[in-house]
Every structure is written in structure tokens, then in C-alpha cells.
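Trainee: Keeping their order, the protein sequence lines are chains W and D. Quick note: the first sequence, position 150, residue 150 per the working numbering, numbers continuous. Quick note: the second sequence, position 275, residue 275 per the working numbering, numbers continuous.
Among the clues, some could well be false.
Note that identical chains are pooled: a pair holds if it fits in a single copy or bridges any two copies.
Stated by the list, open to error - Computed cross-link-like contacts, EDC-like style, restricted to lysine to aspartate or glutamate with a CA-CA straight-line distance of at most 20 Å:
#1 Lys-72 to Asp-307
#2 Lys-316 to Glu-249
#3 Lys-343 to Asp-307
#4 Lys-290 to Glu-328
#5 Lys-306 to Glu-224
#6 Lys-342 to Glu-302
#7 Lys-255 to Glu-61
#8 Lys-95 to Glu-339
Rather than coming from a laboratory, the hints here were simulated on the basis of the structure.
There are 2 protein chains.
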Amino acid sequence: MPKNSNSIDEQAARHIIAKRKNIPDAQTLISKICEGNTTALSQSITLAESTAARHQLVAQEILTGCLPYANKSLRIGITGVPGVGKSTFIEALGKYLISLNKKIAVLAIDPSSSISHGSILGDKTRMNDLSTNSQAFIRPSAAGDSLGGVARKTKEAIILCEAAGYEIILIETVGVGQSETAVHAMTDFFLLLKLAGAGDELQGIKRGIMEMADLLVINKADGENKTAAQFAASAFTKALHLYPVKESEWSPVVKRCSAINNEGISEIWKSISAYCALVNSNGYFENNRKKQNAYWLKTTIENTLKDTFYSNPQIKEALPQLLAELNEGTTTPFQAAQELLKKHNSKN
Amino acid sequence: MPKNSNSIDEQAARHIIAKRKNIPDAQTLISKICEGNTTALSQSITLAESTAARHQLVAQEILTGCLPYANKSLRIGITGVPGVGKSTFIEALGKYLISLNKKIAVLAIDPSSSISHGSILGDKTRMNDLSTNSQAFIRPSAAGDSLGGVARKTKEAIILCEAAGYEIILIETVGVGQSETAVHAMTDFFLLLKLAGAGDELQGIKRGIMEMADLLVINKADGENKTAAQFAASAFTKALHLYPVKESEWSPVVKRCSAINNEGISEIWKSISAYCALVNSNGYFENNRKKQNAYWLKTTIENTLKDTFYSNPQIKEALPQLLAELNEGTTTPFQAAQELLKKHNSKN
Numbered sequence: 001m002p003k004n005s006n007s008i009d010e011q012a013a014r015h016i017i018a019k020r021k022n023i024p025d026a027q028t029l030i031s032k033i034c035e036g037n038t039t040a041l042s043q044s045i046t047l048a049e050s051t052a053a054r055h056q057l058v059a060q061e062i063l064t065g066c067l068p069y070a071n072k073s074l075r076i077g078i079t080g081v082p083g084v085g086k087s088t089f090i091e092a093l094g095k096y097l098i099s100l101n102k103k104i105a106v107l108a109i110d111p112s113s114s115i116s117h118g119s120i121l122g123d124k125t126r127m128n129d130l131s132t133n134s135q136a137f138i139r140p141s142a143a144g145d146s147l148g149g150v151a152r153k154t155k156e157a158i159i160l161c162e163a164a165g166y167e168i169i170l171i172e173t174v175g176v177g178q179s180e181t182a183v184h185a186m187t188d189f190f191l192l193l194k195l196a197g198a199g200d201e202l203q204g205i206k207r208g209i210m211e212m213a214d215l216l217v218i219n220k221a222d223g224e225n226k227t228a229a230q231f232a233a234s235a236f237t238k239a240l241h242l243y244p245v246k247e248s249e250w251s252p253v254v255k256r257c258s259a260i261n262n263e264g265i266s267e268i269w270k271s272i273s274a275y276c277a278l279v280n281s282n283g284y285f286e287n288n289r290k291k292q293n294a295y296w297l298k299t300t301i302e303n304t305l306k307d308t309f310y311s312n313p314q315i316k317e318a319l320p321q322l323l324a325e326l327n328e329g330t331t332t333p334f335q336a337a338q339e340l341l342k343k344h345n346s347k348n
Numbered sequence: 001m002p003k004n005s006n007s008i009d010e011q012a013a014r015h016i017i018a019k020r021k022n023i024p025d026a027q028t029l030i031s032k033i034c035e036g037n038t039t040a041l042s043q044s045i046t047l048a049e050s051t052a053a054r055h056q057l058v059a060q061e062i063l064t065g066c067l068p069y070a071n072k073s074l075r076i077g078i079t080g081v082p083g084v085g086k087s088t089f090i091e092a093l094g095k096y097l098i099s100l101n102k103k104i105a106v107l108a109i110d111p112s113s114s115i116s117h118g119s120i121l122g123d124k125t126r127m128n129d130l131s132t133n134s135q136a137f138i139r140p141s142a143a144g145d146s147l148g149g150v151a152r153k154t155k156e157a158i159i160l161c162e163a164a165g166y167e168i169i170l171i172e173t174v175g176v177g178q179s180e181t182a183v184h185a186m187t188d189f190f191l192l193l194k195l196a197g198a199g200d201e202l203q204g205i206k207r208g209i210m211e212m213a214d215l216l217v218i219n220k221a222d223g224e225n226k227t228a229a230q231f232a233a234s235a236f237t238k239a240l241h242l243y244p245v246k247e248s249e250w251s252p253v254v255k256r257c258s259a260i261n262n263e264g265i266s267e268i269w270k271s272i273s274a275y276c277a278l279v280n281s282n283g284y285f286e287n288n289r290k291k292q293n294a295y296w297l298k299t300t301i302e303n304t305l306k307d308t309f310y311s312n313p314q315i316k317e318a319l320p321q322l323l324a325e326l327n328e329g330t331t332t333p334f335q336a337a338q339e340l341l342k343k344h345n346s347k348n
């Protein structure tokens, strides 16, 4: 049944007006965030995630307003292959931290979420206790096409959560692609979850994940797994010694836990606390955050330069022809690049 | 004893004029290169390596003229840590190929050469027999500050050598930094030299070198080393099986040799020939070269975009201030990036 096109337009217009009305002004949101209002926090994260220009305008004003109250948390990155028990572990660690009277926020980086519709944290029910606790704030992964975009949104969510008074931010990522590197570059402490005998050691070494870990936790160290977990712990401890000393001067450690039984969690927190004491005293904590800021500045610049270049209509038009010439052997990659760059600069 | 400044100027001027006069015109050089004249080949590589604009103009004309006669060789990348015996191996392989009536060229990528003044191929006397053989052309590593620059010069030298009729181009690199990735991206076949029991296996896996290798050669498999080499060969064969199947459909092999005694070289050539037969029949050889061209086009563009940005005087002036604001926490990396990009685009 075809609809009257006028009525659709009216409907759309009403929808847009309603949506516009729903955006509170930035100053109100900033005040509410700083009071710890989670509705304002959620709304602001949604604005920061939006690609609409008018949302971005408000979001950037909120961020600037929140910055003086941010940067005061401990940011912990948590990764591990699917099935390692990340959600259960985060629930166990989160509940333990709340018992220490800490406010915690849980965020996620998952560049695949736009396709899989959120393979991690998508289902809040996997963290039953945490998601109903007023000391915890859980936000599913930001959607996005590029890791750079998702990473920026997560970094902005961190700032907003910090301004809202969350003292510990847990940032989860799934062990695929480059997302671990992104999480490592936005956290103070990097925790790698493992299973005993999973046989993914080579993958971890190859992709440099092992090298990034400050703490390696063997999860599901319970029941029949106990002995295997003990062997795995000593094997991983040996493997970690093969790496050069970290800039933080911290020697990565291996711990075992059973997240589902809440066993070993306090030992893990002891390690994290020892790390914090070390890097606060030797200045690495501050220096590392400065280096991370410079890294994200550089990454944002370089990604934007590339995106601007490849989305230039003149480049889009000329590129296939030049690639064809390259393949025919009538030009060199360097000559073709010069030609494209000339076109790009004449446009800009 | 202070010199007369006038006489120095005169001297410098004479030197410049003499140098200018020494540049033959591009068409003459192209003809001579295609006749296999090594003096013209050397002069043209020097022009391509020069950063002077007038040299680059001639060099690019020569390259365009040589392109129709290029792309007809087999390009072999050779890497291994210092001490593995690269020079001796290249000399042995080179002499063997000459005995098969092949013309071979030896080039090198060494981005550190501007500092170390050429740690590889710098001393031609290390390849005594090859350097005096008329069937071989040896060119030490191009100097340069950036890997990108050195890589471009080496790629241009490959084209010139091919036009001069060299059928096999051996490109050596030392096992440091990202130079292996660059060599891998400009060669058809990648050969990794190893020693038995050197204990650098983890390094190779970590840095992705093992994964790139088409052939792993254990050198110095002689005398007391023979048994150790045998063990190493079977260990490496097992390790190679852990990697996924290559796009080329080639299963990497492990061979042993004693380059200094000319032992095992013909077996190595047999493997390389088998690889060539496979990738010529399944189309990978051609496809890979096309992908490499696209890779270098992309790399050149992206490096130039970055270099142009960071060398912009406005950016150079504004960057330190924004980094300071970032560290004080009064801006975000994303906001700072936007500000710099706005400045850059207003200039261009």
C-alpha cells in the first residue's frame, strides 16, 4: 500500500524537530555529568558517537567542559580471545572493586561491531550484577566503520566517564585485528586473559600482544583445569622473560584465577596496585599518558590526511587509470604518486 | 692555516661546472643502458639517488625510457642477522648463477647506511669473485635518512638493472628495523638466512620475518655444525607448518648450505626454480607484482602527505603549543588534530 509522500515528509520533519528538542544544551550536560548523573553521561556519549555535525558541535563543547575534571582514573585494558571469559572476568573484577568502594566504568572497543552488531558487551545481561549496580556504568561498544573512529569515540567516552567520577575504567576488546594496539594506546595497564593449553601462544607472540601485557591472567583455573593452569602459568612466566625490560620498569607477572568462582581476583588487584605504585613513583604513569596523547594526535592527523586524499573526487577519478598504467609498466609507483599528489594539491 | 675564501669559491664553482658537464643526456644514457653499458647504468643510478632537482629530472626521464625494457627479471630478497654470512652466500649463489649463464645484479637496502656509512655491501672486496666478473653488477646500498627514500632509490635501481639485461636481481638487507618488509614488498622471492642454534627464532617470529620467507637457508652447515644444522632444519620445518598457507600456494622449505664451501647452492636454486614454475603457472607472480606496485604507490603518497604536513612552517610553529595544551589536559588529541589540519588546509 503506497503511502502519501506528503505525510511521510511531515512525519520525518516532526521526527527531526523532536530529536532536535531532545538535545540538552552543553552546559547543562557538563554540570550534570560532574554531579555523576548517568543519564547525562549516556546522552553525552551518544552525542560524541554521532556523526551529525550539530551533535559533534555540542559533544566537543561538552568534552572541553569536562576535560578539567577528567584524566583522574586508572584505565585498564582487558583483552583475550573469544571464549576466554572476558565478561565473567570483568564482572568478577568489577564487583571486587565495588566492594573496595570504587566507582567503575566498563567500555569496549570492537571495530567489527558495525557488522556483528556488537559481539562484545552487546548483551549487558552477561554482566548481570554489574549492570544493576549503581557504582558501575556499562556502555556497549561504539559502532563504526574504522578502528580510528571507534577508538576516538572510546577515548571521548573515557573522558566523560572520568568527569562523572568513575575511578577505574575497564576497556574491553576482543582479540582480533589491531584493536588491542588501540586499547593499549589508551590505557595505563594492559591485562591479557588466557586459557591453559589453548595453543594460541604463537599468535600472541606474532601479533605482539604478549609484549604489551603487564599482567597475564590464566582464567578458568578451576576443577580439572587446575594442574594445566599451573603448568601454563610457569610456561608463560618463562616466555615473558624472553622480552626486553619494559620502559615502565615493570616486570609483567602471570596470575591464575577462576572468575566464575570469584577466586584469585584480589591477587590480581594486588598486582595492578603494585604496578600503579611503581609507575607513579618513577614518573612513567604521567609520561606514558603524554606519549599516548601525542600518539593519538599523530594518528588522527595521518588518518585524516589519508581519508581527505582518497575521498578527493579528482583522485577517485584518476587513481584507476594510473593503477592500470602501473600494471602495464608505463609508469613507476613514484611517478604515479607524484602525479596524484599534484592533482590533490591543485584542488586544495 | 686559513685559506683564501675567494679561491675556495672558485674551486667550488669549477667543481659544480665540471659536475654539470658530466651529466650525459637522458636519451644517450637510455640507449647505453639497453646495450648493457655498466658505466651508463652506474651514472643513471647515481642520478636517481641524487636529491638535486636537475638530477631528478634527468633520472625520471631515464626511468620512463627504461620501463618498456624492465620488469623482466627475477627479484630475490635476501636477509639475515649480521654474522649469518650474507656476503659469502650471495657470492656463492651469484657465481653459481653465472655458471648457468645468467647475468646478475646485487643491490642492497640499508636505511642505516647514512649513519654507519654502509654496513652491508659497503666493502665490495667481500665479494671478490663477483665484483670482478663481467656477468655481475654490484651496487652498494643507497644512502638516505628514511627507509621510504632508500626503498624508492632501490626500486629505481632495479628497473635500470633490468633494462640493462640483468636477469636475476639479488637484493640484500640486514635484519634490522622495517627494511625486511620493504625488501619483501619489492621482490618475487624472499630468502631468509639462519644459523643453527643462534637463538633468534623468537625475534624472527615476533617481527614477522619467518612468515615472509619462501626459503629458509641454514648457512654454515659444515664441519662441527653439521648435526646442529640438521636439528635446526627439522625444527624450522615444523615451525613453518604453524603458519597459514601462503597466497602464492607455495609451501616454504628449509635448506642447509655451506656458502664458503659452495655446498648446497644448487639445491637452493632448485627450490627457487620450483617456486618460479608454480607462481608463473598459477598467476601469482604477475598478481603479486601488481599488488606491490599498488603498495608502493600508496606508501609514497602517504609518506609524502605526512612529510608535507609536518614540514609546513605553520604546523611546525603550532605543534609544540598544542602538545603542551594536550599535556596540560586543556584539549583532546582529536580537537588538537582538527586545529592543526585547519591551519594546514588554509595554507595549501
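Trainee: Does each hint hold? Answer for all of them.
Mentor: The hints, checked one at a time:
no., hint, in the structure
1, Lys-72 to Asp-307, "neither (33 Å within a copy, 35 Å between copies)"
2, Lys-316 to Glu-249, "neither (48 Å within a copy, 33 Å between copies)"
3, Lys-343 to Asp-307, "both (15 Å within a copy, 17 Å between copies)"
4, Lys-290 to Glu-328, "between (48 Å within a copy, 9 Å between copies)"
5, Lys-306 to Glu-224, "neither (52 Å within a copy, 54 Å between copies)"
6, Lys-342 to Glu-302, "both (19 Å within a copy, 14 Å between copies)"
7, Lys-255 to Glu-61, "neither (43 Å within a copy, 63 Å between copies)"
8, Lys-95 to Glu-339, "neither (59 Å within a copy, 41 Å between copies)"
Consistency note: the structure conflicts with the earlier hints numbered 1, 2, 5, 7 and 8.
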